[in-house]
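Asker: Please construct the entire structure, taking both the sequences and the accompanying hints into account.
8 protein chains.
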Amino acid sequence: EFAKLDHHRLIRQGFAEVVFCQGKTVEQVQAIVQRLAEYNHSILATRASKEMYTAVKAVVADAEYHELARLITVERQKPPVDSERFILVMSAGTSDIPVAEEAAVTAEIMGNEVRRVYDVGVAGIHRLLDQRQLIEQANVLIVVAGMEGALASVVGGMAAKPVIAVPTSIGYGASFGGLAALLSMLNSCAAGIAVVNIDNGFGAGRLASIINQMR
Amino acid sequence: EFAKLDHHRLIRQGFAEVVFCQGKTVEQVQAIVQRLAEYNHSILATRASKEMYTAVKAVVADAEYHELARLITVERQKPPVDSERFILVMSAGTSDIPVAEEAAVTAEIMGNEVRRVYDVGVAGIHRLLDQRQLIEQANVLIVVAGMEGALASVVGGMAAKPVIAVPTSIGYGASFGGLAALLSMLNSCAAGIAVVNIDNGFGAGRLASIINQMR
Amino acid sequence: EFAKLDHHRLIRQGFAEVVFCQGKTVEQVQAIVQRLAEYNHSILATRASKEMYTAVKAVVADAEYHELARLITVERQKPPVDSERFILVMSAGTSDIPVAEEAAVTAEIMGNEVRRVYDVGVAGIHRLLDQRQLIEQANVLIVVAGMEGALASVVGGMAAKPVIAVPTSIGYGASFGGLAALLSMLNSCAAGIAVVNIDNGFGAGRLASIINQMR
Amino acid sequence: EFAKLDHHRLIRQGFAEVVFCQGKTVEQVQAIVQRLAEYNHSILATRASKEMYTAVKAVVADAEYHELARLITVERQKPPVDSERFILVMSAGTSDIPVAEEAAVTAEIMGNEVRRVYDVGVAGIHRLLDQRQLIEQANVLIVVAGMEGALASVVGGMAAKPVIAVPTSIGYGASFGGLAALLSMLNSCAAGIAVVNIDNGFGAGRLASIINQMR
Amino acid sequence: EFAKLDHHRLIRQGFAEVVFCQGKTVEQVQAIVQRLAEYNHSILATRASKEMYTAVKAVVADAEYHELARLITVERQKPPVDSERFILVMSAGTSDIPVAEEAAVTAEIMGNEVRRVYDVGVAGIHRLLDQRQLIEQANVLIVVAGMEGALASVVGGMAAKPVIAVPTSIGYGASFGGLAALLSMLNSCAAGIAVVNIDNGFGAGRLASIINQMR
Amino acid sequence: EFAKLDHHRLIRQGFAEVVFCQGKTVEQVQAIVQRLAEYNHSILATRASKEMYTAVKAVVADAEYHELARLITVERQKPPVDSERFILVMSAGTSDIPVAEEAAVTAEIMGNEVRRVYDVGVAGIHRLLDQRQLIEQANVLIVVAGMEGALASVVGGMAAKPVIAVPTSIGYGASFGGLAALLSMLNSCAAGIAVVNIDNGFGAGRLASIINQMR
Amino acid sequence: EFAKLDHHRLIRQGFAEVVFCQGKTVEQVQAIVQRLAEYNHSILATRASKEMYTAVKAVVADAEYHELARLITVERQKPPVDSERFILVMSAGTSDIPVAEEAAVTAEIMGNEVRRVYDVGVAGIHRLLDQRQLIEQANVLIVVAGMEGALASVVGGMAAKPVIAVPTSIGYGASFGGLAALLSMLNSCAAGIAVVNIDNGFGAGRLASIINQMR
Amino acid sequence: EFAKLDHHRLIRQGFAEVVFCQGKTVEQVQAIVQRLAEYNHSILATRASKEMYTAVKAVVADAEYHELARLITVERQKPPVDSERFILVMSAGTSDIPVAEEAAVTAEIMGNEVRRVYDVGVAGIHRLLDQRQLIEQANVLIVVAGMEGALASVVGGMAAKPVIAVPTSIGYGASFGGLAALLSMLNSCAAGIAVVNIDNGFGAGRLASIINQMR
Ligand SMILES: Nc1ncnc2c1ncn2[C@@H]1O[C@H](COP(=O)(O)O)[C@@H](O)[C@H]1O
Ligand SMILES: Nc1ncnc2c1ncn2[C@@H]1O[C@H](COP(=O)(O)O)[C@@H](O)[C@H]1O
Ligand SMILES: Nc1ncnc2c1ncn2[C@@H]1O[C@H](COP(=O)(O)O)[C@@H](O)[C@H]1O
Ligand SMILES: Nc1ncnc2c1ncn2[C@@H]1O[C@H](COP(=O)(O)O)[C@@H](O)[C@H]1O
Ligand SMILES: [Mg+2]
Ligand SMILES: [Mg+2]
Ligand SMILES: [Mg+2]
Ligand SMILES: [Mg+2]
Ligand SMILES: [Mg+2]
Ligand SMILES: [Mg+2]
Ligand SMILES: [Mg+2]
Ligand SMILES: [Mg+2]
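Chains as they are written, first to last, in my numbering: chain A, 101 to 315; chain B, 101 to 315; chain C, 101 to 315; chain D, 101 to 315; chain E, 101 to 315; chain F, 101 to 315; chain G, 101 to 315; chain H, 101 to 315.
Hint data in this document are derived by calculation from the structure and do not stem from the laboratory.
Heads up, some of the hints might be wrong.
Here are some chain G residues pointing at chain H (derived, C-beta under 7 Å) [to be verified]:
#1 Q130
#2 A131
#3 Q134
#4 V159
#5 V160
#6 L234
#7 I235
#8 A260
#9 P262
#10 A291
#11 G292
#12 A294
#13 V295
#14 R306
#15 I311
Covered, in the sense of this in silico footprint (three residues per stretch, anywhere, with C-beta under 8 Å from a C-beta of chain E), are these stretches of chain H [to be verified]:
#16 183 to 195
#17 219 to 231
#18 260 to 273
Cβ coordinates follow ideal geometry from the N, Cα and C atoms, glycine included.
Answerer: Below, the structure written as structure tokens:
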């Protein structure tokens with residue numbers, strides 16, 4: 101038995117165990133999703149290759165694939181969504197979109213209204229200032245940025261909302277695989293920014309969902 | 101003019117600019133707090149030495165000092181507090197208490213009910229399991245831990261609450277000033293943990309406050 | 101002569117020299133295993149590719165390949181095994197299984213009873229607590245975990261057994277190829293955990309075997 | 101209540117909770133040791149300053165201080181010691197003695213026979229070879245070394261004993277506070293070496309004790 | 101002879117050799133400045149302690165000390181200054197002022213008009229936008245920032261001026277002595293930012309001076 | 101809408117937004133360049149693969165590809181060039197030429213006269229000294245070097261010109277992907293060197309252009 | 101002109117410029133070797149692929165390829181060799197042979213007698229002690245080792261010969277691409293070991309040759 | 101017995117064991133030097149504080165202290181010196197002199213003629229070129245440099261002599277305690293440079309002595 105599924109997680113955490121596909125064989129991913137599909141309405145598998153999706157699709161017919169975000173989802177019963185309280189996912193550049201989409205789709209399958217504003221990096225600050233109203237209306241903000249990750253600080257200073265910062269590995273040289281953006285976000289002069297791992301769109305989406313559904 | 105106070109911050113962020121005392125002269129800290137005190141009910145200065153406090157006290161008579169947490173506070177009008185929705189601050193060891201207190205006092209001055217559970221590190225997991233009920237009642241969790249920072253992952257798996265993880269620099273050798281705990285928390289297998297900078301109790305308290313006051 | 105085989109090692113260390121295949125040519129691995137097979141009952145070659153195995157098989161007909169663990173083994177005469185004293189190999193996730201298997205097979209070929217418990221990461225702590233009895237019965241514990249490696253600390257706090265922690269390179273971003281799990285395990289608040297190199301299932305299996313066979 | 105003592109630890113782990121004094125105030129250390137002294141025969145506090153010892157001594161009269169090792173011990177009832185099975189603590193240089201002593205005293209207070217061989221670094225390999233007999237008689241080996249930590253590999257190749265390697269921060273420049281010795285030991289070509297944190301004599305002593313007392 | 105003064109530097113570089121006082125004895129600094137004072141109108145010594153200044157003052161009566169910036173200057177003949185072409189030195193926080201002053205005083209003694217705008221960090225972006233006109237009038241911009249150093253990116257996007265970014269060691273934890281700000285600035289999404297070493301106000305001032313005096 | 105083009109940038113910065121192709125799909129690059137081509141005379145896309153170029157060429161017929169430098173350019177109207185004021189691009193080795201060319205072509209398309217001197221590394225210092233006259237005539241210097249990057253310091257000491265240093269990832273082992281050259285350039289004893297990111301020829305060309313066009 | 105050959109190097113350094121092939125195109129390598137072959141008897145090109153060799157061979161018919169060492173050599177006139185004074189190249193493992201061969205062939209083409217002793221790592225110290233006589237007879241020692249690189253320290257302590265230590269990238273996990281071996285060698289407790297870059301067999305061979313030819 | 105003196109070292113290595121004082125108590129240093137003084141003519145103790153010297157002086161009356169270099173020496177019988185073959189010690193800056201002196205005094209006490217040329221850093225390359233003749237006459241070169249350490253590469257390219265490069269911790273910010281200079285020297289484009297640890301003047305002096313005394 102290679103996997104001890106945490107079936108209790110739906111009760112404890114409000115969502116089934118999410119499958120981390122990296123480092124697993126195609127057969128393992130297929131078997132795990134199949135087993136999860138017996139007990140859950142909604143399933144999420146992250147960092148999934150297309151090949152994994154094909155194998156899953158063969159046994160779970162209603163599985164879907166989000167190519168850019170590398171996610172497999174099964175969604176049999178849409179959770180009720182409060183469309184007034186939305187999560188705003190912002191990205192600094194176009195290259196950060198795959199991670200931003202991982203966050204957005206994660207939040208959606210967990211029952212949240214999500215809006216997207218991409219390519220609003222700080223080198224053209226007016227693009228960001230144009231979104232001021234949307235930022236003020238949002239309930240939770242996810243900021244996805246690579247390179248120097250400065251977008252998180254600027255957004256963090258604009259409103260007293262929970263800001264979840266996701267550093268990405270976009271960049272080269274002294275970006276050291278996203279380290280520059282990560283350190284930048286951890287040291288933000290805007291107080292109270294929540295940071296997740298480099299490229300961890302999933303974690304950001306999950307955290308945003310938890311916060312967004314607080315009452 | 102060495103400081104451009106951001107007086108607009110109270111309106112934009114719900115709390116006056118917080119003074120970061122490190123790297124400032126005693127005179128600068130004194131002058132900044134004095135100026136802030138003209139416009140604000142509540143003031144917070146972090147990483148303040150006792151000497152700085154003495155200088156501040158001379159010009160702002162109702163300033164208080166939290167020695168362990170190295171905070172100067174001024175609180176002229178208690179904000180209304182919803183005592184049902186509390187923030188739970190947990191620490192793995194006794195040595196992490198200064199950072200935990202920075203978080204707790206920050207959240208308190210920003211108008212939150214705060215409870216504390218200290219010294220519940222994972223090496224004696226029953227101590228943590230004993231607190232299960234309190235964890236379930238809390239609205240937001242702050243987990244403060246040095247060394248390997250494993251407490252965050254275990255707490256993160258116990259309930260679907262926002263968990264804010266604060267790595268501390270407690271440790272030695274390959275802890276590299278808190279790096280071990282930081283990396284540990286960023287890579288947590290418990291999904292959706294929010295991480296702040298090493299020893300950044302203030303940031304955790306601020307973030308918890310924002311989340312706790314969402315409606 | 102490209103290799104000076106340490107034929108004395110069987111006497112000195114109780115097991116023949118183990119071949120580290122990485123960085124060697126297929127021909128070198130083939131020749132070394134062939135020579136070892138002339139003098140030893142049991143042979144182990146680690147980090148072996150399938151291609152290397154095929155070449156070895158051609159000259160040592162009873163060689164076997166453990167694909168997941170990337171091990172080549174030859175075992176001509178089973179060593180006597182004390183089945184009462186077993187080594188328990190635990191993994192945090194399914195993705196850590198290849199390293200866990202490297203440890204398990206290594207310990208087995210060196211004459212130990214091995215039991216396996218996989219996928220009991222701390223994010224669902226009840227899965228681990230369910231194994232309490234097995235943990236108490238084991239003689240030596242091997243804990244294999246990637247990401248933040250917190251499993252080692254929790255297991256380390258549960259019983260006064262030798263715990264050998266193996267960090268894996270499973271993870272991404274700020275896991276930095278297993279550095280996060282490594283540092284986490286080195287800084288464990290559970291006293292007396294033995295740490296080996298990242299992904300070094302072999303070393304863990306070897307150390308566990310030495311300890312398990314002490315009288 | 102700043103400390104939740106893990107009084108259950110004596111039963112679970114065979115020794116009372118060990119106090120990590122770093123980062124604690126003198127008052128906290130004093131209070132913790134005093135409380136532990138009510139329930140336990142043997143107490144150990146690590147990384148204790150002389151000032152902490154003086155405060156402890158005032159309330160626990162039979163406390164002792166090991167200055168080099170920075171340990172406070174209380175030992176009211178010597179545990180029975182099997183003097184046949186001894187732990188051998190070796191150090192590469194004279195400068196590594198404080199860490200070696202932390203290991204040795206820890207193992208002693210936990211009821212083990214300990215022998216010491218100091219200053220046998222590999223640059224004069226004959227000094228080490230002279231100790232061959234002692235190494236073969238020992239039950240568990242602790243190797244304490246700074247700089248490049250090569251001693252662990254040489255000892256590890258000499259006998260099939262559990263070798264616990266303790267890197268120290270002795271060195272300068274590219275030793276990076278013990279990182280060189282740590283990496284060296286983790287990458288040892290001698291299979292099955294157990295590594296603990298830099299300067300963690302305590303952890304090595306504890307691990308050696310657990311292994312040494314296996315039957 | 102412990103110092104080979106580069107007396108040719110005034111001709112080759114337009115300014116005498118600048119003394120780097122760190123790591124020198126008080127006597128060495130005194131002797132070097134004294135010798136330089138025989139041949140040059142303007143002298144600059146960086147990272148000078150007060151004690152060094154006192155020793156220099158004893159032999160070069162017109163030496164001055166800039167305490168915050170830790171600079172010793174001698175200025176016997178003001179160079180002609182083009183007050184139309186000014187260098188604007190900006191700092192993100194009050195704590196960055198010592199480095200900013202090192203840059204400003206360096207540029208002044210080399211014959212440039214300098215203006216200062218301090219404490220305009222991005223967490224209160226309006227403070228920066230208020231300075232838009234000054235930024236447009238400046239000839240060269242020096243941006244001094246610690247923590248996450250985001251100010252450089254925002255300023256870099258505002259005008260097509262040479263922007264010299266100086267990361268400072270202000271911060272704590274994962275700022276790693278200024279590394280976070282340094283990496284942030286090197287990875288800026290605003291194209292064409294010039295970066296100098298952490299805390300290197302002197303280098304920034306020198307570079308700004310060279311650019312500002314181009315015709 | 102995956103990209104918010106910063107059309108205002110031509111006015112604000114004197115050149116259209118430059119496309120960073122890494123991390124974008126071929127379709128995204130194609131669409132972005134096509135849209136930019138509607139409003140701008142000169143376009144630059146960096147880190148572009150040949151496949152991206154082919155897709156762009158299909159929709160923007162006059163696009164050109166610089167294979168070594170991995171640049172796509174469109175240049176419909178040559179900007180006026182002051183051939184007296186030239187930028188000198190120097191490389192330490194032949195292997196550094198791709199990055200040097202990225203800098204050179206960037207500066208050219210932005211309207212600058214560029215001269216190239218390649219393969220003048222410091223191990224044969226006479227090759228560099230032979231170029232003294234050219235160095236003195238240049239207006240701005242770009243120094244591209246991998247390995248230990250020493251060329252920047254030597255050139256920096258030769259003339260009071262703005263020197264822009266570009267570390268490259270050429271090297272192996274302890275070059276750590278260009279880190280050695282980067283640190284070397286940041287710590288240069290030649291005062292006032294401007295450093296850009298590893299392999300960032302584009303940034304260097306852009307900065308040189310801004311400086312070269314100052315009046 | 102992409103390469104400024106340093107034809108003066110033969111006179112200044114006693115050997116023609118050595119071509120570093122990494123990062124160069126096949127055409128560049130071909131052209132450089134061809135040009136060097138017009139002026140020199142002996143030519144060396146390092147880190148050359150087989151494809152580069154084929155291209156070189158087409159224009160320099162007597163070029164030879166050392167596949168393991170990845171070297172191209174041309175040797176038209178054997179330099180006189182003093183066979184009494186030999187360089188001993190030792191490797192810790194079989195996997196280190198490619199780097200060891202790079203060193204050995206480099207030293208040979210520069211006119212030295214070279215002897216090889218491979219696979220004498222410290223985990224079986226008797227293999228090394230068996231070579232004591234050869235070590236004493238050698239004039240210069242090159243020690244090539246990956247993993248923890250301990251061989252250098254042991255050899256360094258055995259005789260008062262110049263020892264050149266070459267760390268290799270052989271290893272995995274916390275070897276960090278050879279960093280562990282590099283730091284180990286730099287921190288060797290055996291005084292006076294010369295260290296070169298990771299995998300830099302060429303540099304070691306060159307240095308050994310210079311020392312070996314001193315009179 | 102805290103120290104096992106390697107009295108055999110004089111025979112094996114040509115010089116008595118050198119005492120590394122860092123991390124030892126004053127009493128230990130005193131006792132070790134005293135014991136060495138019974139058997140040896142020449143003694144060297146490195147990284148010695150003034151306090152250690154005073155203690156040593158009390159028991160070994162002819163001990164001398166080199167304050168800058170932090171060395172204690174005893175020299176009872178000058179070894180014969182070949183003044184034709186000298187070692188040239190060069191430093192880049194005045195601040196590097198303490199390390200340079202450690203190298204120089206070490207080489208002298210081991211029986212070598214030593215000459216010194218200090219403060220010839222590459223930022224004023226003519227200072228270095230002025231020393232060309234001396235460089236050509238020297239038998240072995242030691243180059244001591246902090247900051248970016250470029251001096252080693254330039255000297256390495258000037259003559260076919262053994263060059264021993266000593267990085268120093270002089271610098272700040274991104275020098276990271278000498279790491280920048282160390283990496284720079286390891287990656288030198290001048291082939292065949294020998295590198296020792298940061299600030300390891302002793303190792304450089306020892307290595308130079310061994311090479312210088314080869315025949
Ligand atoms: N020197 C030490 N190094 C590592 N861990 C230690 C050390 N001393 C005590 N500990 C562990 O630290 C924990 C106590 O932490 P605390 O509650 O902060 O006193 C216990 O689990 C001990 O096993
Ligand atoms: N992309 C991801 N990043 C981080 N954690 C994840 C990711 N996807 C799933 N997880 C977590 O990984 C755990 C599952 O690991 P495994 O048992 O190996 O499938 C679950 O606790 C998830 O919350
Ligand atoms: N494998 C190698 N490692 C380090 N340096 C080398 C290597 N091969 C050649 N070199 C040096 O690289 C320089 C040539 O670089 P390039 O001009 O790019 O061919 C010469 O100074 C050689 O001494
Ligand atoms: N604060 C500083 N940071 C970096 N370089 C400096 C600084 N001050 C002076 N320098 C440079 O250091 C060199 C002088 O070094 P030294 O000979 O040791 O005084 C000169 O080339 C200066 O340009
Ligand atoms: Mg964009
Ligand atoms: Mg505790
Ligand atoms: Mg799982
Ligand atoms: Mg010794
Ligand atoms: Mg401020
Ligand atoms: Mg070249
Ligand atoms: Mg071998
Ligand atoms: Mg100087």
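Asker: Each of the hints needs a verdict: does it hold here or not?
Answerer: Hint check:
Proximity of G:Q130 to chain H is violated relative to the hint, the smallest CB-CB distance being about 22 Å (cut-off 7 Å). Proximity of G:A131 to chain H is violated relative to the hint, the smallest CB-CB distance being about 20 Å (cut-off 7 Å). Taken as an interface hint, G:Q134 does not check out: its beta carbon lies about 21 Å from the nearest beta carbon of chain H, beyond 7 Å. Proximity of G:V159 to chain H is violated relative to the hint, the smallest CB-CB distance being about 25 Å (cut-off 7 Å).
The interface hint given for G:V160 is violated, since its Cβ lies 21 Å from the closest Cβ of chain H, which is over the 7 Å cut-off. Interface hint at G:L234: violated, since its Cβ lies 16 Å from the closest Cβ of chain H, which is beyond the 7 Å cut-off. The criterion of a C-beta within 7 Å of any C-beta in chain H is not met by G:I235, whose closest approach is roughly 11 Å, and the hint is violated. With 7 Å as the threshold, the beta carbon of G:A260 comes within range of chain H, its nearest partner Cβ sitting at about 5 Å, so the hint holds.
A least Cβ separation of about 5 Å between G:P262 and chain H falls short of the 7 Å threshold, and the interface hint therefore holds. The beta carbon of G:A291 is positioned within 7 Å of a beta carbon in chain H (closest approach about 5 Å), and the interface hint is therefore held. Interface hint status for G:G292: upheld, as the beta-carbon distance to the closest one in chain H is roughly 4 Å, under 7 Å. Below 7 Å, beta-carbon pairs count as interface contacts, and G:A294 has one with chain H at about 3 Å; its hint therefore holds.
A distance limit of 7 Å between C-beta atoms decides the matter here; for G:V295 the minimum to chain H is near 5 Å, and the interface restraint holds. Restraint check, G:R306 versus chain H: the minimum CB separation of about 4 Å is within 7 Å; hint holds. This hint holds: G:I311 has a C-beta 5 Å from the nearest C-beta of chain H, less than the 7 Å allowed. Evaluation of the coverage hint for the region 183 to 195 of chain H: fulfilled, as 3 residues show C-beta separations to chain E shorter than 8 Å, against a requirement of three.
Residues of the region 219 to 231 of chain H lying with their CB closer than 8 Å to a CB of chain E number 6, which satisfies the three-residue condition for coverage. Counting residues of the region 260 to 273 of chain H whose beta carbon lies closer than 8 Å to any beta carbon of chain E gives 3, which meets the minimum of three for the stated coverage.
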